[in-house]
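**Q** So in full-length UniProt numbering, spot 222 of the sequence shown is number 222, and the numbers just go up one at a time.
Worth double-checking, as some hints may not be accurate.
[Stated by the list, open to error] Derived lysine-lysine pairs resembling PhoX-like cross-links, with alpha carbons at most 25 Å apart:
{"id": "1", "residue 1": "K203", "residue 2": "K189"}
{"id": "2", "residue 1": "K46", "residue 2": "K85"}
{"id": "3", "residue 1": "K221", "residue 2": "K203"}
{"id": "4", "residue 1": "K28", "residue 2": "K46"}
What the hints contain is simulated information worked out from the structure, not anything from laboratory work.
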Amino acid sequence: MSEQVPQQTPSTPASGASSEELRGRVEKLLGDILGLMGFPARLDMKDAADGSLSVALHFEPAPPPGVEVGRRSQVVDSLQFLLNKMLHRPGAERRWVMLGAGVHPEPRQRREPQQAAAAQGAAPAAAPAPSAPRAAAAAAPAPAKGGQRGAQAPAAKAAPASKGEADERSVTVEEDAALTAAVRQLAEKSGGLGRFYAIAAMKLEDRARVLTSVEGVGGVKVSAEGEGRNRRVVFTPDKPAPLPKRSMLPDDDEDDFDA
1 MSEQVPQQTP STPASGASSE ELRGRVEKLL GDILGLMGFP ARLDMKDAAD GSLSVALHFE
61 PAPPPGVEVG RRSQVVDSLQ FLLNKMLHRP GAERRWVMLG AGVHPEPRQR REPQQAAAAQ
121 GAAPAAAPAP SAPRAAAAAA PAPAKGGQRG AQAPAAKAAP ASKGEADERS VTVEEDAALT
181 AAVRQLAEKS GGLGRFYAIA AMKLEDRARV LTSVEGVGGV KVSAEGEGRN RRVVFTPDKP
241 APLPKRSMLP DDDEDDFDA
């Protein structure tokens, strides 16, 4: 019984045969998955301070597309999600496995309900901040009635400048024949079948190439959406077609951890 006590404490790494068994399973599963992907990697495992098992993936010779050393990516996040789902059976005690590209990932914090409530309660306190520009506007001389609409128009047009994401359509890039053929085929499929598609984990230049390549394809609208590493290119058909109910997958996501 004394050997099971460390496993019941989330902040304490597992020890003994259980820890070695977990490492063996992780090594086997990751080896199989990365081998099927065609991107083998050397695994460096260590016990993290939060009780999880940290794994640094040293891809040999190069990481998959969309993966950069030392940075999180949707590829590594998806691999981590799949790995933990395969490791943790329902009703069994779990020990989370964290993956990083080339380095050990930083420990992720569990969601605390009290902290979330405090954050929501603090939001209204920041609301009065926009009153300063209003006070400055009130102190300024009032313009003539005939010029009010003309004075308000520039302020409305200046709003989009606050967006932090660059406009892919304004980026000049060289054409990639293979990428052009692939995305045009996907755009035609989206418009013809009425299906929604999205391409994620792409750099700014690649998103610009996609938007340029699909110009002239009818029946579909292609745009870039999202922010940061979650920005993606979305294919929206003009006439969407509903999916059959039997093809809809159940919702399933990581429990107790931030996305």
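**Q** Hint by hint, note whether the structure agrees.
**A** Okay, the hints, checked on the actual structure:
A threshold of 25 Å between alpha carbons decides the hint, and for K203 with K189 the separation of about 23 Å falls inside it, so the pair holds. Of the supplied pair hints, the one linking K46 and K85 holds, its CA atoms being roughly 20 Å apart against a limit of 25 Å. Restraint check for K221 and K203: satisfied, since their Cα atoms lie roughly 20 Å apart, inside the 25 Å limit. For the given pair, K28 sits about 16 Å from K46 by alpha-carbon distance, which is consistent with the 25 Å threshold.
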